[in-house]
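Chains as they are written, first to last, in my numbering: chain A, 1 to 334; chain B, 1 to 334; chain C, 1 to 334; chain D, 1 to 334.
Watch out, some of these pointers could steer you wrong.
[Said to hold, decoys possible] Derived CB-CB ranges, DEER-like:
#1 C:Gln23 / B:Pro10: 23 to 31 Å
#2 D:Asn7 / C:Arg144: 38 to 46 Å
#3 D:Gln8 / C:Lys116: 32 to 40 Å
#4 C:Glu260 / B:Ala30: 50 to 58 Å
#5 B:Glu327 / A:Ala245: 40 to 48 Å
#6 B:Asp51 / A:Lys47: 51 to 59 Å
#7 D:Arg278 / C:Pro78: 39 to 47 Å
#8 D:Glu108 / C:Gly94: 54 to 62 Å
Treat the hints as calculated values from the structure; they're not laboratory data.
What you are looking at is a predicted structure, and each value in this text was computed from that prediction instead of being measured.
Ideal Cβ placement from N, Cα and C applies to all residues, glycine included.
This is what each chain is made of:
Number of protein chains: 4
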Amino acid sequence: MIIILKNQAPEQKTKVLRNWLEQQNVEIHASTGEFQTIWGLVGDTSKIDTDLIEGLEIVEGIRRISEPYKQANRKFHPDDTVITVGDGIKIGGGNFQFFAGPCSIESEEQIITVAKAVKAAGATILRGGAFKPRTSPYAFQGMRNEGLGLLLEAKKETGMPIVTEIMDASHIDLFEDVDIIQVGARNMQNFELLKELGKLDKPIFLKRGLSATYQELLMSAEYIMSEGNPNVILCERGIRTFETATRNTLDLAAVPMLKEKTHLPVVIDPSHAAGIARLVKPMSFAAAACGADGLMIEVHNDPSKALCDGPQALRPEEFAEVVKGVEEIRKVIA
Amino acid sequence: MIIILKNQAPEQKTKVLRNWLEQQNVEIHASTGEFQTIWGLVGDTSKIDTDLIEGLEIVEGIRRISEPYKQANRKFHPDDTVITVGDGIKIGGGNFQFFAGPCSIESEEQIITVAKAVKAAGATILRGGAFKPRTSPYAFQGMRNEGLGLLLEAKKETGMPIVTEIMDASHIDLFEDVDIIQVGARNMQNFELLKELGKLDKPIFLKRGLSATYQELLMSAEYIMSEGNPNVILCERGIRTFETATRNTLDLAAVPMLKEKTHLPVVIDPSHAAGIARLVKPMSFAAAACGADGLMIEVHNDPSKALCDGPQALRPEEFAEVVKGVEEIRKVIA
Amino acid sequence: MIIILKNQAPEQKTKVLRNWLEQQNVEIHASTGEFQTIWGLVGDTSKIDTDLIEGLEIVEGIRRISEPYKQANRKFHPDDTVITVGDGIKIGGGNFQFFAGPCSIESEEQIITVAKAVKAAGATILRGGAFKPRTSPYAFQGMRNEGLGLLLEAKKETGMPIVTEIMDASHIDLFEDVDIIQVGARNMQNFELLKELGKLDKPIFLKRGLSATYQELLMSAEYIMSEGNPNVILCERGIRTFETATRNTLDLAAVPMLKEKTHLPVVIDPSHAAGIARLVKPMSFAAAACGADGLMIEVHNDPSKALCDGPQALRPEEFAEVVKGVEEIRKVIA
Amino acid sequence: MIIILKNQAPEQKTKVLRNWLEQQNVEIHASTGEFQTIWGLVGDTSKIDTDLIEGLEIVEGIRRISEPYKQANRKFHPDDTVITVGDGIKIGGGNFQFFAGPCSIESEEQIITVAKAVKAAGATILRGGAFKPRTSPYAFQGMRNEGLGLLLEAKKETGMPIVTEIMDASHIDLFEDVDIIQVGARNMQNFELLKELGKLDKPIFLKRGLSATYQELLMSAEYIMSEGNPNVILCERGIRTFETATRNTLDLAAVPMLKEKTHLPVVIDPSHAAGIARLVKPMSFAAAACGADGLMIEVHNDPSKALCDGPQALRPEEFAEVVKGVEEIRKVIA
């Protein structure tokens, strides 16, 4: 960490700061220029509150040099994290998984039909929404507990491990038999929830917030990991920009960038990012081509009951095409 | 709501859609052009899921015309909402309130000292953070329950109503004697929390999310209101943009725009928006000049213990200057 | 186009608007609801100024339904535009081209060495900057006219067609022997320049502005096309977001979305988007996987003279790997 | 400037970089930590190309500490720039000016009528668009040369100095009798134009680009100033965000922030920012309250010919109210 002091910082105040920093066990290397003095801090600066220092009158600015995340940092943990679910299904470390299923669980028949269809098409993990975060209180909020029960049925029926979203820490008990718990983009900084999930040993599927930076995503992973749960899967699902033709802007550079910064697996969700089913295939291919560890894709059941299908969902046979193409692309980049 | 159908939409599919819409009790006015057919929907379209329709293959696009929020909508509730707290302190409806206090509660002495200082300087409502949402798990997370106790002490000591942030629905019981419960920007779309707060009759101070639109903020207010709690105060506290010289970009046009769209009070938080104490005064003046219903301002206690002060906090005497200037500006625009 | 009128719009004013619209040769289909009246305009609305109408007191809002671009619009020109340069090199229509070369032209030796190297590695069109737009007036502004001369030498030497950036309409004469003229992101809305380029018959390589929408990019293409030059190549090169770990955020969904909206070729520039050389390969693969018509890639000459190389430039042998991988990926998606 | 070297940077490569930096006349203060080495550069680093260094394999990152703009920097020029136009009208240095007039010049009668009306209402400088940058090639492009002639008529008639927009360097000769030349947001980084304007001694009114940072705006001012023209007026006119209810988001914190960073005057354009006439008054008051040096406001002539008025234009009597309120607010903050 670098602290830039103002030119005429009174000596007494700089002394107070120097003492305080030394109490935090960091060493100060000062370098005095014509217009400012620079302090380079050496030691573990991850616990130093940069906002606090930046607010001091004597400080012109501050620059972090090392990352504030430790457990998620590849620098300190060079090997890929590999998470195993179900019957030896590995996420991360060069493996690739397809998380597929309907947006919302609607009935036993629906979830079991889709589960079988996506399994046949190549999906390895079943997704399905029971608790649904919706912008409008008047929109369908999911089947909630009941939906969770149906998803567990589908797990039993197909043998696939399941991933589904949690919306409140008070629901954790309901997720006991869920294989992977998803934290949605809108809850990426629900810190109380993250801390509670950190006390489990179940894998957590953490989606990037709509306007979160890579570093903030990694700090949210750090919340989970610092409580003792190392099993975090990161997911890029589009960020908010001024472009309105797509629902969000899928930031695929997140794949190589995050994999450089962290050892955690990185999965892409092309369905939510674009919000348009016909973009799922090209963006899935692109995600595979730049090195993603998996794809989360919405697949619906019955093309004839069109009105119940999300705008971003594929038919099972379209999903099968995605799986096939992705596998070929992965051979090219191997 | 306007639905734009594709040119060659098969008649059978358009019939399915037409029937479904009519079941939702909306009337369809069709207008057929050379390159597309347009359906104008007349009736209550607030419960119609636009995402769902937009996903249909026969649909080229959809445009909402009426707002999806009803209870928060000024169209249906033309009179300003006025919320009363404490001993007749009115928020909204042409009144102006100063919410002031420290970023975090640190000790009994600190919160009581600051409370008295801000009261003397003109504050009408005391703010103070007990539960602190922090990007890093290693940063100070607030005094939590204990801090809440100290804030209640300060309320007793000064007679000021208090506002403080909640981070999880499971904490609601602890907030029984809190006058106004704050929902932070990161929890603006924590829908489970919003629903629980909607079951109270306590005023809720709802901060705009970092990348939320006006409509999303109003939909989050609608979550609270649709559960039965009409006492919502909106707060603009800066949005995320590409500008990095300020922490966030304070969007003051939110004041006149929100007041046009809704009858709820609109308060500005200039402290968090800029993240720089020396911007609080000019931005407070600007907020008053464009018609805000109040200001939430961080004030710290002891300028000599600088390291404990947030970067965005004013000294009590600086806060007093803000109050004085704001009052004069309000006379000008009255 | 849909015009939403306010509820109590005085009849006299709506009559003025109605007359004016009819003079513009559009037909009005009115539909009157409880809270607003909606006018659907049928006819050619591309010349109607939406800003103007939106400003009227009687108007609540306006929604465009058909796109304001005509010549660039795939609806009216369903077949892909195919542009031929040099010795039968085709851009668009299922062909794929590699535009490669150094960021800046620095010397005859450099440009000719790089040109030969990229040709050997599979590049089909040579790029090189003579006029360089730089944020700082103190940064190197390119070799300008002299650089252009050296690029023409390289063209002669290698037989490759060349693309290079123009910064001002007054320089057009200098570009007579240039095969493709590039308009940089910062000049995407330099409308005087676009109009002048529209009078040529040379292909124009038009980069998306840093915060431009797809529609604005297409309107800038329309500026060129409406003056008579149909040969426009679109290029996505990253947009500005709040993420700072990469220089810009490459928006790859632009490929399938633009190709749906327009018949013009779409090329990706991964070098500028990320600003980081090690992202060029994965992002190039991703661009190919989602259907781009080409890649523009910076390649430098001499890895030992590292200081002269841009941060986003590849070595020729790295570029050769990109070409090889892209070709294999294109076979997969074919 | 701080350079952070990678941990295992080979000594030979760091030596090359060290030598190169020393040739640029900067001194290196090294500080070696466990995970990285930090070089603090002392001296004039404004001409060092950070992109270039950031691209080196041995470099992990780079942080600028001093600003790359010199002539626009308040650090080196602490006194406010005061620009005088017309008959002693001063811009900057505690003075406040109203730039008012129609969006577009439409006829002699119109411009002269509006000019007289705004002068009577308190405007000190007349604005009017002759060359109009429009997103669509089919929209009205302004009366161009002819409009400029009419504006000069209005200047003669009223004695007011005039400001109008230039769109291409080749038009400079036409602007000989214009008092202040405006560079629009879309041309903020038209560097060839900026350089040509730098060779004049006429004041330049430089608008912030739609997604430009403060630093980029100041670097564009520096382009003009470094060519010898110190008379630059900065203008904030809204930036692009994801909010769509307003055309752009007016960033009023730009006023105190820019005035801290630079000695140049800072003017606010509330008309273009919001794109909504009824926001002009509150946002003008807010701009005055936070210390702006002036306002640029669109005023139209004839409320009955509503269709010719921009959506963001005030009637003269509304403008008069803005002037009156702003003057009172300025007394409060004085």
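Each hint, compared with the structure:
In this structure, Gln23 of chain C and Pro10 of chain B break the distance hint of 23 to 31 Å, their C-beta atoms being roughly 37 Å apart. Between Asn7 of chain D and Arg144 of chain C the Cβ separation comes to about 41 Å, which falls inside the hinted range of 38 to 46 Å. A hinted range of 32 to 40 Å for the beta carbons of Gln8 of chain D and Lys116 of chain C is consistent with their spacing of about 34 Å. Glu260 of chain C and Ala30 of chain B have their C-beta atoms about 25 Å apart, which leaves the hinted 50 to 58 Å range violated.
Checked against the hint of 40 to 48 Å, the C-beta distance between Glu327 of chain B and Ala245 of chain A comes to roughly 47 Å, which is consistent with it. Checked against the given bound of 51 to 59 Å, the beta carbons of Asp51 of chain B and Lys47 of chain A, roughly 43 Å apart, lie outside it. Arg278 of chain D and Pro78 of chain C have their C-beta atoms about 43 Å apart, which keeps the hinted 39 to 47 Å range intact. Distance hint for Glu108 of chain D and Gly94 of chain C: a CB-CB separation of about 56 Å, consistent with the stated range 54 to 62 Å.
The earlier numbered hints that this structure contradicts are 1, 4, 6.
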